[in-house]
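J.: One letter stands for each residue in the lines below.
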Amino acid sequence: MMEVKAAVGLHARPAAQFAEIARGAGYPVKVGRSEIALVNAASPLRLLTLKVQKGESILVVCETSDELSAKTILDNLEACIQN
Amino acid sequence: MADISGYGVGDNPVIGKIFLIERGISDSRDVLVHLSKEESVVKLANAINRVASEFSDSIKNARDTTLREILSAQLALITDPELSAVINDSINSGKSLPEAIDAAISEFSALLVGGSAEFEARIADLKEIGVRLIDAATGKTQNLNFPTEGDWIVVSNDLSPLETSKFTSAIKGVVTRDGGPTSHTAIVCRQLRISAVVGCGDISKLNANETITINPVENAVFFGRKAIENRGPWWINLPKLKNPTFRALGNVGSAKDAELVKSSNALGVGLLRTELLFLDSKVEPTIEEQVRIYAEVLSNCPEGEVIFRTLDAGTDKPIGFLNLGKEENPALGVRGQRISWVRPQFYANQLLAIKQVSTLFPSQRISVMAPMIANTEEATAFSNSATDLGFDSVGIMVEVPSIIEDISNLPDSIKFLSIGTNDLSQYLFAADRQNSAVAHLLNPWQPILLKTISRICNLSKLRGIKVGICGEAASDPLLAPVLIGLGVESLSAGAGAVSDLVAISHALSLTTAEAAADLALKSKTSIDAQRLVRNLLTAKI
Numbered sequence: 040m041m042e043v044k045a046a047v048g049l050h051a052r053p054a055a056q057f058a059e060i061a062r063g064a065g066y067p068v069k070v071g072r073s074e075i076a077l078v079n080a081a082s083p084l085r086l087l088t089l090k091v092q093k094g095e096s097i098l099v100v101c102e103t104s105d106e107l108s109a110k111t112i113l114d115n116l117e118a119c120i121q122n
Numbered sequence: 002m003a004d005i006s007g008y009g010v011g012d013n014p015v016i017g018k019i020f021l022i023e024r025g026i027s028d029s030r031d032v033l034v035h036l037s038k039e040e041s042v043v044k045l046a047n048a049i050n051r052v053a054s055e056f057s058d059s060i061k062n063a064r065d066t067t068l069r070e071i072l073s074a075q076l077a078l079i080t081d082p083e084l085s086a087v088i089n090d091s092i093n094s095g096k097s098l099p100e101a102i103d104a105a106i107s108e109f110s111a112l113l114v115g116g117s118a119e120f121e122a123r124i125a126d127l128k129e130i131g132v133r134l135i136d137a138a139t140g141k142t143q144n145l146n147f148p149t150e151g152d153w154i155v156v157s158n159d160l161s162p163l164e165t166s167k168f169t170s171a172i173k174g175v176v177t178r179d180g181g182p183t184s185h186t187a188i189v190c191r192q193l194r195i196s197a198v199v200g201c202g203d204i205s206k207l208n209a210n211e212t213i214t215i216n217p218v219e220n221a222v223f224f225g226r227k228a229i230e231n232r233g234p235w236w237i238n239l240p241k242l243k244n245p246t247f248r249a250l251g252n253v254g255s256a257k258d259a260e261l262v263k264s265s266n267a268l269g270v271g272l273l274r275t276e277l278l279f280l281d282s283k284v285e286p287t288i289e290e291q292v293r294i295y296a297e298v299l300s301n302c303p304e305g306e307v308i309f310r311t312l313d314a315g316t317d318k319p320i321g322f323l324n325l326g327k328e329e330n331p332a333l334g335v336r337g338q339r340i341s342w343v344r345p346q347f348y349a350n351q352l353l354a355i356k357q358v359s360t361l362f363p364s365q366r367i368s369v370m371a372p373m374i375a376n377t378e379e380a381t382a383f384s385n386s387a388t389d390l391g392f393d394s395v396g397i398m399v400e401v402p403s404i405i406e407d408i409s410n411l412p413d414s415i416k417f418l419s420i421g422t423n424d425l426s427q428y429l430f431a432a433d434r435q436n437s438a439v440a441h442l443l444n445p446w447q448p449i450l451l452k453t454i455s456r457i458c459n460l461s462k463l464r465g466i467k468v469g470i471c472g473e474a475a476s477d478p479l480l481a482p483v484l485i486g487l488g489v490e491s492l493s494a495g496a497g498a499v500s501d502l503v504a505i506s507h508a509l510s511l512t513t514a515e516a517a518a519d520l521a522l523k524s525k526t527s528i529d530a531q532r533l534v535r536n537l538l539t540a541k542i
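Chains A and B supply the protein sequences, listed in that same order. Under the working numbering, read the first sequence as residues 40 to 122, first letter to last. Under the working numbering, read the second sequence as residues 2 to 542, first letter to last.
The set of hints was computed from the structure by calculation and includes no laboratory data. The reader is advised that the hints may include incorrect statements.
Calculated lysine to aspartate or glutamate pairs in the EDC-like style (CA-CA distance at most 20 Å, straight line) [claimed, not checked]:
hint	chain 1	residue 1	chain 2	residue 2
1	B	LYS327	A	GLU102
2	A	LYS90	B	ASP12
3	B	LYS283	A	ASP105
4	A	LYS90	B	GLU150
5	A	LYS90	B	GLU406
6	B	LYS327	A	GLU117
7	B	LYS283	A	GLU117
8	B	LYS283	A	GLU95
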């Protein structure tokens with residue numbers, strides 16, 4: 040889980056950056072509030088439809104066995120929702 | 002009286018001819034209805050490419066970073082693989098291309114309903130993307146050529162960022178039917194310094210090529226040419242007073258702010274926001290690190306008083322190392338000085354660090370104040386811990402209305418109050434600062450806020466306590482005279498507004514200030530208060 044700190048939540052600009060990072064992973068990255076409701080993190084539209092507000096926590100799942108790469112992607116995603 | 006009213010953006014009145022952007026349902030969509038499934042899929046892919054390259058071009062040519070960022074976010078939606086996937090699914094289930102695009106846009110729009118205003122505002126972006134995709138599929142390019150000569154005012158239901166990116170230097174103003182103070186149009190116009198009146202409701206009486214006058218200061222649109230005096234700031238021709246009527250100070254959150262405040266000739270720093278120095282810290286800074294950071298800022302500050310505010314954080318203003326968790330209602334939760342209940346050691350260390358750094362800067366007078374103080378008990382606890390360390394200038398912020406009725410009981414060690422008008426308004430009017438639907442209640446010209454400030458000044462005077470203002474209200478050059486007339490001793494504005502404040506402090510007479518305060522206090526609405534004071538001040542030129 041990571042907390043969204045960007046002032047207006049996972050809104051247009053942060054969503055676009057978030058999706059770009061997820062797309063760069065090369066394997067599916069999913070995001071949502073819980074495991075049963077995940078969307079494609081590489082889609083800015085799907086990210087917007089989550090309507091994540093500032094201060095909410097989101098679950099991010101990297102579908103890969105490459106732990107090192109997953110950690111880098113998660114760090115980068117977390118950094119992009121800090122402010 | 003205005004012929005049409007809306008929400009004004011900018012300070013300057015503008016006269017120009019109307020450049021009308023009319024919109025209807027795309028008339029050429031019929032030609033797309035009879036395509037085969039395969040042809041529709043290819044047309045869609047081409048249309049997406051075409052619209053995407055149109056956006057890329059606009060991003061390259063955009064005059065301003067904000068506009069570039071908005072356009073980039075929209076480009077990301079256009080090229081979103083999920084959008085084309087949903088449209089293609091509809092095509093394969095038998096829908097025509099325009100129907101499939103409409104259906105996908107409606108589907109995503111429905112998912113955005115019920116979020117905050119920021120999310121709902123994206124629905125308009127999606128609708129425009131739908132229209133652009135259908136136009137591009139029919140081969141229509143966006144045929145919007147703004148004039149390059151003369152003075153023009155763009156009139157439209159609303160403007161997309163793509164359209165505003167095509168503005169030429171001949172576009173002097175904007176009038177829109179839709180949108181509010183936080184709409185894309187308002188934000189972009191503010192950045193481009195184009196006067197606008199947005200959200201007018203009915204613009205059907207505005208016809209192409211007619212001349213109109215807009216005055217954002219009055220939120221007004223007038224038919225025809227109307228002389229509106231724009232003689233520059235009200236104090237510009239007044240004689241310069243040798244001694245300032247009040248202390249003009251600056252708000253500082255970084256060494257850069259401090260430099261700007263100093264170069265504006267401020268008499269000190271009315272608010273040093275210590276939290277801004279820690280926003281990126283993952284671990285709690287040690288006392289030595291804090292001393293180093295504060296020293297860097299202080300070395301750029303003007304000589305004179307520098308008021309340090311202890312850490313003002315909360316779950317809505319998060320600081321990583323405090324790990325405050327989540328609250329249902331952060332504005333009413335453990336915020337500001339209340340954090341000392343859960344992290345007492347951090348506050349003790351911070352005061353110690355401020356005391357240590359103050360000994361390194363003997364030419365500055367270092368004061369400390371605490372945010373979000375609600376009653377005398379909290380004020381006493383803070384002032385005891387500060388005076389124990391040897392601080393002789395200790396104050397508190399007035400943001401929580403409950404403290405006002407306790408001013409007469411404050412301990413003698415409290416030497417000054419600093420009013421944070423933004424939070425004071427939020428709590429006084431029960432109006433969330435994050436919610437644009439209640440923004441009008443947070444207007445600093447609200448006579449009730451001004452009466453409250455007057456009461457704070459009167460109660461403080463009886464105790465010999467000085468009152469300053471460090472909120473947004475201090476940055477409004479028309480409001481400054483009112484605040485001084487109410488009995489405020491110093492105003493502290495954001496770094497960019499300090500030079501005006503300094504000029505005002507050398508032009509404003511106490512008589513004018515008192516007359517302005519009197520007019521504002523007697524007004525029934527914020528609009529009346531602002532209008533009456535503007536008339537008074539401009540009549541003095």
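J.: Each hint: holds or not?
T.: Hint check:
no.	hint	result
1	B:LYS327 <-> A:GLU102	violated (29 Å)
2	A:LYS90 <-> B:ASP12	violated (35 Å)
3	B:LYS283 <-> A:ASP105	violated (27 Å)
4	A:LYS90 <-> B:GLU150	violated (43 Å)
5	A:LYS90 <-> B:GLU406	violated (41 Å)
6	B:LYS327 <-> A:GLU117	holds (18 Å)
7	B:LYS283 <-> A:GLU117	holds (13 Å)
8	B:LYS283 <-> A:GLU95	holds (19 Å)
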